[in-house]
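Kindly produce the complete structure, drawing on both the sequences and the hints.
Protein chains in written order, with our numbering: chain U, 1281 to 1337; chain D, 628 to 871; chain P, 42 to 263; chain B, 2 to 217.
Keep in mind that a hint or two might mislead.
Said to hold, decoys possible - Taking lysine to aspartate or glutamate and the DMTMM-like style, the derived pairs with C-alpha atoms no more than 20 Å apart in a straight line are: (1) D:K778 x B:E62; (2) U:K1318 x D:D775; (3) B:K23 x D:E857; (4) U:K1318 x D:E855; (5) D:K778 x B:E59; (6) D:K778 x P:E263.
To be verified - Over the 12 Å line for every Cβ pair with chain B, so calculated as not near, a few chain D residues: (7) F667; (8) G745; (9) W747; (10) R753; (11) L761; (12) V765; (13) V777; (14) W804.
None of these hints come from the bench; they were simulated from the model.
Glycine residues also receive a C-beta, built at the ideal position from the N, C-alpha and C atoms.
Residues per chain are reported as follows:
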Amino acid sequence: MEWASWSEFWDMAGYGLYVWGSFGVTALCVLIEVILLKRAGTDTLRRLKRMQQWEEQ
Amino acid sequence: MKLYTFASPATFYHLAGKLIPWFAWSAGLLTLWGLYISFFLAPTDFQQSEAYRIIFIHVPAAWMSMFIYLVMAFWGAIGLAFNTRLSFMMARALAPTGAMFTFVALWTGALWGKPMWGAWWVWDARLTSELILLFLYVGIIALWAAIDDVKRGDRAGSLLTLIGAINVPIIYFSVIWWNTLHQGASISVTKAPSMAAIMLQGMLVMAVAAWFYTIAVALVRVRRIILERERHTEWAKAILEGDQ
Amino acid sequence: MHRFLLAVLRRDLTLAARRRGDWMIAQFFFVMVASLFPLGVGPEPDMLARIGPGVLWVAATLASLLSLSRLFADDHQDGSLEHMVLSPEPTVLLVLGKSIAHWLIYGIPVLLIAPVLGIQFNLSWDAILVLELSLLLGTPILSLLGGVGAALTLGLRGGGVLLTLLILPLYVPALIFGAGAVDGVMTGTGAEAHLSLLGAFMVLSLMISPWIAAAALRVSLE
Amino acid sequence: MPDALLSVHDLACARGERLLFKDMNFSLAAGELLLVQGGNGQGKTSLLRLLTGLARPEAGEVRWRGEAIRDVNERYHEEMCYLGHANGVKDDLDPLENLRFADGLHGRAFDAARAVATLRRLGLSRCLDLPCRVLSFGQRRRVALAALLLAGSTLWILDEPLTGLDVHAVALMEGLIRDHLQAGGMVVATTHQALNLEGVKVQRLLVGSVAIPELV
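Below is the structure:
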């Protein structure tokens, strides 16, 4: 194990901002993509259903 | 069963639905393993201290950004040559994730550059190529967005991807050339002082995780595109009606 | 085959001669962009000579994009593009002919204006000579690759801006080798390597881009 | 049918997501006229563009002399001439120059005397040296028709050839079509107007579901 304590882990020998900035933003990007994908999926489904109802009339 | 039955959108829609959870879970587990290697197994670097841990996402993200572009070009070429609708859909489904990884590679590159040589941005060959790759992704996505006609959009986007793919190695080479001329001894972001085996292992695990994630996300997206384009067919109508 | 190429060339040049104002705009744009830089960064001769090659090359690429958006658009609007595509000759030759015509209308004047701007930027005669050589090899690349962009964005809303977005990244090698050649001669490292790479890139563009542009044109006309 | 030069096999065409028509079959022999009819947006123009080879069909194929047109593209285009909604006439050139470039692009030697005679026949003798910009729409349409005549193609594909033409010009056009058919040519045309074509073998094709009253 490299780390003596949690605070040392978060500090990353003074490079915490850079390391966690990188990993954090990457996680954020992935999260945003997944959320957008979910939202787009339900939106598309709703839109297609609506169009289908309209066309069947 | 012949291979091309998978190329039928209806079959592929269901197949993709079954595959997505597998890829998504594998991506999640591999990410956890990769993170464990990155933070707990890989030792502190004697030169770069802890800051070097950024490579565990920077390098896989850079690999993925280029790899996804090549895969897009591959699907585009297949679509243009054999007129297979599904390949165009795959190309479209991959682009946003490719652009996302390109952005991540740039962002992490900047965050690594700051502590290493005191500047957020250096015109390093790799960072510059990544920037141009991001421009290419943005251009392709913008072209797709501008063309309303699906068939025209598919083909136009694929042609642009192809000429970009021919150009990317030339751009990369020219930027390296330019960089060595202007900065003498080149500083390279990915030049790790001594690449321990465990570091390489960490990067590979993260790269495979990113790859599986890309497949999962692209499959979700391609399912949506298939449903949108096939909504007049019987099987798509059945799905839309059944899934209330 | 070459008769068709000549016919396309003659046609486009005649049309350009009838509308001189249109292609002069690109040249004035070239001069203006280049002239704005000293106003932005200051008049020190040494610095101007330092940034001159890059500025002139960037201005040349932007000016090419300004004129490229019309490469197929006018003919598309009045229907003559369809007639030309439906001619018995391959579309590749049509695209090649139109790209060459574009280079003659846009590239040659740039070659003529560039030395004057080079003097404004305090470039030495050697540097100006290499600048001319690099533009001679490089501007055809801009016309050829730009033809792909013009074909892809044909008839789209905001096609001109989109064309810029699509094609500028592809211009990067031409920009690097072209401006680098002039830099090379100024810093004494020589320009030969840059110029040969630029030439190689031009040959590659000549071999590949007309095919892709022809395919793109057919897609856009569907 | 051995003498059918142009034939269409199981053709399907889609615009966007909408299927305009499918399973279309017909053939056209020398000396025949095909009138394509149908309401707006039913796919008349789309069909003509499929026949020229500009658009690619969703399914099926168009054949010329028994071969798929995408395989014999260049040979087919030598024998086919298309006149669409747009005239393909350059506004900056005068009628004669327009014809000269049209000939040059199609690899034909330019015969100035014949071009002048054709333009005169179409009633353009007074504007031979004027840029087409100053001509009226109908006059520009006639320039396009002159190009069609000079091309000497076997197959004419005409999209609304009568739009913008006055009564005299319509009569002239009818005469031209009749002459062309009698000389063994073929015509595929769409039109909203009635055509007087006595003694001509006419096939009619209804595209889409909206029937329109008899025009001929």
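Consistency of the hints with the structure:
{"no.": "1", "hint": "D:K778 x B:E62", "in the structure": "18 Å, holds"}
{"no.": "2", "hint": "U:K1318 x D:D775", "in the structure": "23 Å, violated"}
{"no.": "3", "hint": "B:K23 x D:E857", "in the structure": "17 Å, holds"}
{"no.": "4", "hint": "U:K1318 x D:E855", "in the structure": "15 Å, holds"}
{"no.": "5", "hint": "D:K778 x B:E59", "in the structure": "10 Å, holds"}
{"no.": "6", "hint": "D:K778 x P:E263", "in the structure": "9 Å, holds"}
{"no.": "7", "hint": "F667", "in the structure": "52 Å, holds"}
{"no.": "8", "hint": "G745", "in the structure": "54 Å, holds"}
{"no.": "9", "hint": "W747", "in the structure": "46 Å, holds"}
{"no.": "10", "hint": "R753", "in the structure": "41 Å, holds"}
{"no.": "11", "hint": "L761", "in the structure": "31 Å, holds"}
{"no.": "12", "hint": "V765", "in the structure": "25 Å, holds"}
{"no.": "13", "hint": "V777", "in the structure": "7 Å, violated"}
{"no.": "14", "hint": "W804", "in the structure": "42 Å, holds"}
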